[in-house]
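J.: Position one of the sequence shown corresponds to residue 1 (UniProt numbering), numbered consecutively onward.
Derived from the structure by calculation, the hints contain no laboratory data.
Glycine included, each C-beta is placed from N, C-alpha and C at the ideal position.
One thing to keep in mind: the hints can contain errors.
[Unchecked claim] Label-pair restraints from in silico Cβ distances:
#, residue 1, residue 2, range
1, 252, 529, 48 to 54 angstroms
2, 202, 292, 38 to 44 angstroms
3, 68, 117, 27 to 33 angstroms
4, 397, 57, 39 to 45 angstroms
5, 397, 292, 35 to 41 angstroms
6, 135, 40, 33 to 39 angstroms
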Amino acid sequence: MSETTSTSEGNKLLNGRRAIPPNSSNDEENEVPEMEAFGLIPRGFNPRDYLRVVDIYMFKEPQEINKQEHHTDKYYNPKLIVRRGQAFQIRIDFNRPYQPQSDQFWLEFLMGRYPQQNKGTYIPIPVGGALKPGQWGAKIIHRENNSIRLSIMSSATCIIGKFRLYVAVLTPYGILRTRRNSETDTYLLFNPWCQLDAVYLDDEKEREEYVLNDVGIVFHGNVEDVKSRSWSYGQFEENVLDACLFLMDKAELELSGRGNPIKICRVASAVINSRDDDGVIAGSWNNSYDYGVAPSAWTGSVDILLEYYSSKQPVRYGQCWVFAGVFNTFLRCLGIPARLITNYSSAHDNNANLRMDFFLDDEGKVDTRLTKDSVWNYHCWNEAWMTRPDLPVGFGGWQVVDGTPQETSDGMYRCGPASVQAIKHGHVCFQFDAPFVYAEVNSDIFYTRMERNGTQVVENIDTTRIGQLIVTKEVGGDGMMDITEEYKFREGSDEERLALETAVMYGVKKQSVQDATYQPQTDVDMDFQAQKAVLGNDFKVTITFRNKNGFRCLFSLLCLPSASSFDIVIKSSEYMRDLLEQASFHFFVTARINETGKILAVQKAVMLEIPTLRIKTKGELVAGKETSVIVEFTNPLKQTLENVTLRLEGPGMLRTIKKQFGKIPMNSTLTWEVKFTPMRAGLRKLIASLNSDALRHVYGELNVQIQKP
1 MSETTSTSEG NKLLNGRRAI PPNSSNDEEN EVPEMEAFGL IPRGFNPRDY LRVVDIYMFK
61 EPQEINKQEH HTDKYYNPKL IVRRGQAFQI RIDFNRPYQP QSDQFWLEFL MGRYPQQNKG
121 TYIPIPVGGA LKPGQWGAKI IHRENNSIRL SIMSSATCII GKFRLYVAVL TPYGILRTRR
181 NSETDTYLLF NPWCQLDAVY LDDEKEREEY VLNDVGIVFH GNVEDVKSRS WSYGQFEENV
241 LDACLFLMDK AELELSGRGN PIKICRVASA VINSRDDDGV IAGSWNNSYD YGVAPSAWTG
301 SVDILLEYYS SKQPVRYGQC WVFAGVFNTF LRCLGIPARL ITNYSSAHDN NANLRMDFFL
361 DDEGKVDTRL TKDSVWNYHC WNEAWMTRPD LPVGFGGWQV VDGTPQETSD GMYRCGPASV
421 QAIKHGHVCF QFDAPFVYAE VNSDIFYTRM ERNGTQVVEN IDTTRIGQLI VTKEVGGDGM
481 MDITEEYKFR EGSDEERLAL ETAVMYGVKK QSVQDATYQP QTDVDMDFQA QKAVLGNDFK
541 VTITFRNKNG FRCLFSLLCL PSASSFDIVI KSSEYMRDLL EQASFHFFVT ARINETGKIL
601 AVQKAVMLEI PTLRIKTKGE LVAGKETSVI VEFTNPLKQT LENVTLRLEG PGMLRTIKKQ
661 FGKIPMNSTL TWEVKFTPMR AGLRKLIASL NSDALRHVYG ELNVQIQKP
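Could you build the full structure based on these sequences and the hints that come with them?
T.: In C-alpha cells:
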C-alpha cells in the first residue's frame, strides 16, 4: 500500500508513508519560536520577569579549551568545532543568578529543516548530574554571579555536521528560547580519539598522520620506477569544512544517516566524480583539457572543493590521483582517518572474472575490438578506517573506497567501502564491491589468439604482474610504505591459493583455461628492457630472446641460436607530438615463432624523466611577517613551451596562486617571486606545479620551518 501526500511548497509530491519531507540538507533551517506558549498567556506576563539568557560564550577560539582538547584548533573557521563522544564547555550568562531550586533550563541542538528527536536532528539536553561516556548530557561545573559554565557530552554515535544551538527556559506559561544566533552554531565531527566512536584509532602517531596531516604524498610512475609528488589536502582551510558538508547535501544523504561512516563513504565515492550526479570532478583521460585544468596541474584539493562549492558545477578535470586526493580531504576533514593508496599494475576487469583478456590477431597484434579489459601502470584509491558492524567480526579497520568512475555499483559510479581484510582472505561476499577490488590486485593476464574458425588459443598467462606493489605514505615521514601484504598473501603460497578458492566459492568468476586451448610456451622467453629515458631525448629499448632448449627457432623477427637481443631507438622527434599526460609509454611487444606458430607477448610501462621546479625562500620565515618564495624552471626541451601556467600553494601558509606565462624558449629560465605572510609557526610545505601544451607533470616542493615571532 502506498500513499501520495501533497505539500504546500511548490506542490512537491512525497511518495510513500512519510509524515514529513526528506531531511537531507544541513543548510536549511526551520523557524524556532522564541516563546512557545502552553495556552492563553495572561495579561501582564513579562518574559523579563523570568530567568533569561543574556549571552552564550562558546570557548571557540583556537587557543581555548574546546578546540585544543578536540584537536580542531587547525580549522580556519570561527565557529565551535568539536568531536563527538567527548565533553566540551560553554558559558551561559543570565540576567540574574541561576537558582537550581526554582529555575529550569535545557539546551537544544537542531539540524536541518525538519528536526526530529527520533532522527537525531533534534537533541534536547537537560542539565543534570554526572555525564555518561558517549551519551548526550550536560552538567554545571562552575557558577559565578550571573554565569554558569556547562560541560556538555555528545553521543559517540550522533550525526555529524553543523548544529544550531538554543537555550530553552521553562516558565509557568510557556518555554522561552534564545534567538537564532549563528555565532553559537556548533560543528560536530567524527572522533578517532574516542573509543566508543566507529572511527576510533588507537595509535596517536597514526591519528596525527591520517586525520591531522594536511599534506600527503601521491606515488605514481610504475613498479620499476616509483615516483612521488606532494598533494595539499588542506582539510583545515577556510570554507573547506562547509564544502565537505555540502557534498553530503548534494548526494541527498538523509541527515539521520550521517553518523554512520559506512554510509558517508558510500555516497561520497559517488559524489566525488561527476559521471551520474554532477559530482565534484569531471574525469578526462584523452589528453584534451579544453575549458578546464589538466589533472597534472592541480597541487591540492582546496581549489577543486571551493570551486565546486561555489559553482555547484563539476570541476574539470581529474584522473585517479585527483579523485583520491579530494576524497582524502573530505574524509580527514570530517574526522574519518584516511590514506591515499597506489596500486601498481592495477587491473580494470570489466566483468570481475579475475582475468584480463588481451585478444591477439594472427600477427600477434592486440585486437582492440575484442579487448575490453585494461591494465593501468598505477591506480590510486583511498582507505578509510572504521568498524564494520554490518560484517562478521574481524573485517573492520581499513576499507577501500574509490571515487574514480570505473564501473557502476548499485546503479552509480562508486566503489566501496570494501574491507581490506576481506579482500586479502577472499571473502568477497561482504559488501561493498569487494569482487571488483579483489580483481584489481589479483587478476591474471591472458593473451589469447583468435583462430579464424572462432577457436580461442591461450598463448600466454601472466599470473604475477597485477597488483605487484601496493603502497602508501609512511606515518610521520614522506617515504613509501609497502602494504602489499595487507591485500594479498605471497604469490604462490598456500594461503594465496586458499584465498583464491574462497573468492571463487563466494562467487568471483574464475575462468579456467579449459574454456580455451592452452599450450604453455616453455622453449623461449622474451624480455623487454628500456634505458633510463629523459623527456625530449632519444632512448633505446632492448628486446631479448632466450632459447632454453638450445635448438634453433626461426622468428618472424630474427634467427635465434640460444640467446639474442636487439635494440630499437625511440626518437623524440617522433614521440613528443603524441606524448600523453604523464610522459609514459606503454609498450606491448609480441613476437611469433615461425616453426611452431606460438606467440610471445609482454607489456611494460616506461616513465620518462621529467624536469623539476626549483623552489627557494628569501628572507626570514617568521609567523606574521612577510617573506618571499622564488620558483625557477629551465626549459630543457628542443622547443619553446607555450601556454605555461605555474601554481604555488602551501597549506596553512599560502592559498593557491596562479600565474600565466606566454612562452619559455628552449634553454631559457623562468623566475617567479611571490610575497606571502605565513600565519602559523611550524614545519610546512610549499608545493608548485607547471603546466604547458607540451610539458606536464612538472613539480617542485620545499619543506620550510616557520618560526614563532
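J.: Give a verdict on every hint.
T.: Now for the hints, and whether the structure bears them out:
Range check, residue 252 to residue 529: about 52 angstroms between beta-carbon atoms, so the 48 to 54 angstroms window is met. A C-beta distance of roughly 42 angstroms is found between residue 202 and residue 292, which places it inside the suggested range of 38 to 44 angstroms. Taking the beta carbon of each, residue 68 and residue 117 are about 31 angstroms apart, inside 27 to 33 angstroms as hinted. For the pair residue 397 and residue 57, the beta carbons lie near 40 angstroms from each other, so the given range of 39 to 45 angstroms is met.
For the pair residue 397 and residue 292, the supplied restraint of 35 to 41 angstroms holds, since their beta-carbon distance comes to about 37 angstroms. For the pair residue 135 and residue 40, the beta carbons lie near 38 angstroms from each other, so the given range of 33 to 39 angstroms is met.
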